[in-house]
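Using the hints, position chain B against chain A.
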Amino acid sequence: DVKVTQSSRYLVKRTGEKVFLECVQDMDHENMFWYRQDPGLGLRLIYFSYDVKMKEKGDIPEGYSVSREKKERFSLILESASTNQTSMYLCASRAYNTGLSSYEQYFGPGTRLTVT
Amino acid sequence: LAKTTQPISMDSYEGQEVNITCSHNNIATNDYITWYQQFPSQGPRFIIQGYKTKVTNEVASLFIPADRKSSTLSLPRVSLSDTAVYYCLVGRGSSNTGKLIFGQGTTLQVKP
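If you read the protein sequences in the order shown, they are chains A and B.
Residue numbering for the first sequence follows this note's numbering, beginning at 1 and increasing consecutively.
Residue numbering for the second sequence follows this note's numbering, beginning at 1 and increasing consecutively.
Read the hints as simulated data drawn from the structure, not as lab findings.
In this text, all values refer to a predicted model and were calculated from it rather than measured experimentally.
Hints should not be assumed to be uniformly reliable.
[Said to hold, decoys possible] To be clear about the criterion: a stretch of chain A counts as covered by chain B if any three or more of its residues have a C-beta under 8 Å from a C-beta of chain B, and this derived list gives those stretches:
#: 1; region: 36–44
#: 2; region: 104–116
[Claimed, not checked] Label pairs and their calculated CB-CB ranges:
#: 3; chain 1: A; residue 1: E79; chain 2: B; residue 2: G15; range: 44 to 54 Å
#: 4; chain 1: B; residue 1: K52; chain 2: A; residue 2: G16; range: 49 to 59 Å
#: 5; chain 1: B; residue 1: E58; chain 2: A; residue 2: N84; range: 33 to 43 Å
#: 6; chain 1: A; residue 1: R112; chain 2: B; residue 2: T83; range: 17 to 27 Å
#: 7; chain 1: B; residue 1: N25; chain 2: A; residue 2: I60; range: 15 to 25 Å
#: 8; chain 1: A; residue 1: S7; chain 2: B; residue 2: G15; range: 38 to 48 Å
#: 9; chain 1: A; residue 1: G40; chain 2: B; residue 2: E58; range: 26 to 36 Å
#: 10; chain 1: B; residue 1: P112; chain 2: A; residue 2: E17; range: 39 to 49 Å
#: 11; chain 1: B; residue 1: T21; chain 2: A; residue 2: G40; range: 13 to 23 Å
Even glycine gets a Cβ: it sits at the ideal position worked out from N, Cα and C.
Isolated chain A, as found in the complex:
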């Protein structure tokens, strides 16, 4: 089974702190994604990476940066956390399913971040 793990399920940080959210996948997937999920807004894409050291902005990249130094690891960085970044953060990786002839995204369990 594909496993996507995230470093923490729950995290509480103070305003202004630098926050690192780590995501690791064990299936050698090229594509990895970071989303945030908020009530009434669904999932919104922050950044994605289609290969090591490659990244592209999603819909809401402001206030975030990412790092992909190794294929299995994709980090989301909040340079200076703010209260409006309190949210559920979901990491995903993607692979091509030859049986379905299509792509599938596999999500991690999520990190619920609270910024006070």
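Only chain B this time, still in chain A's reference frame:
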């Protein structure tokens, strides 16, 4: 970018067939349509994906008309455990993909 629109919520009863429709009027030629299921405190789980016509797997069916401006997820004989949020996703199937767009999600409540 192709945005999606789906009903915010739906109710059903155990044993019934549930159809959830997603509108994506600006879908691009190389976009796929994917549906995910999400339970509380979990990440979304892939259900089904299609490009055109009909796709069926052990969990659901996906109907896509010829113009591809909408799609319908069909869940046969739902049970209480199918209570979840269902997301319609439109995006490209290539590796160097463009942005992927999730709909707002449809909260399905299955009643006994």
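Hints, one by one, checked against the model:
Against chain B, the region 36–44 of chain A contributes 5 residues with a C-beta closer than 8 Å to a partner C-beta. That satisfies the three-residue criterion, and the hint holds. With 7 residues having a beta carbon nearer than 8 Å to a beta carbon of chain B, the region 104–116 of chain A meets the requirement of three or more and the stated coverage holds. The hinted range of 44 to 54 Å is satisfied by E79(A) and G15(B), whose Cβ atoms lie roughly 52 Å apart. Look at K52(B) against G16(A): about 50 Å separates their beta carbons, and that is inside 49 to 59 Å.
For E58(B) and N84(A), the hinted distance range of 33 to 43 Å is satisfied, since their beta carbons lie about 41 Å from each other. A hinted range of 17 to 27 Å holds for the C-beta pair R112(A) and T83(B), which are about 21 Å apart. The hinted range of 15 to 25 Å is satisfied by N25(B) and I60(A), whose Cβ atoms lie roughly 23 Å apart. Take S7(A) and G15(B): their Cβ atoms lie about 42 Å apart, and the range 38 to 48 Å holds.
Between G40(A) and E58(B) the C-beta distance comes to about 32 Å, which sits within the given range of 26 to 36 Å. For the pair P112(B) and E17(A), the supplied restraint of 39 to 49 Å holds, since their beta-carbon distance comes to about 46 Å. The hinted range of 13 to 23 Å is satisfied by T21(B) and G40(A), whose Cβ atoms lie roughly 20 Å apart.
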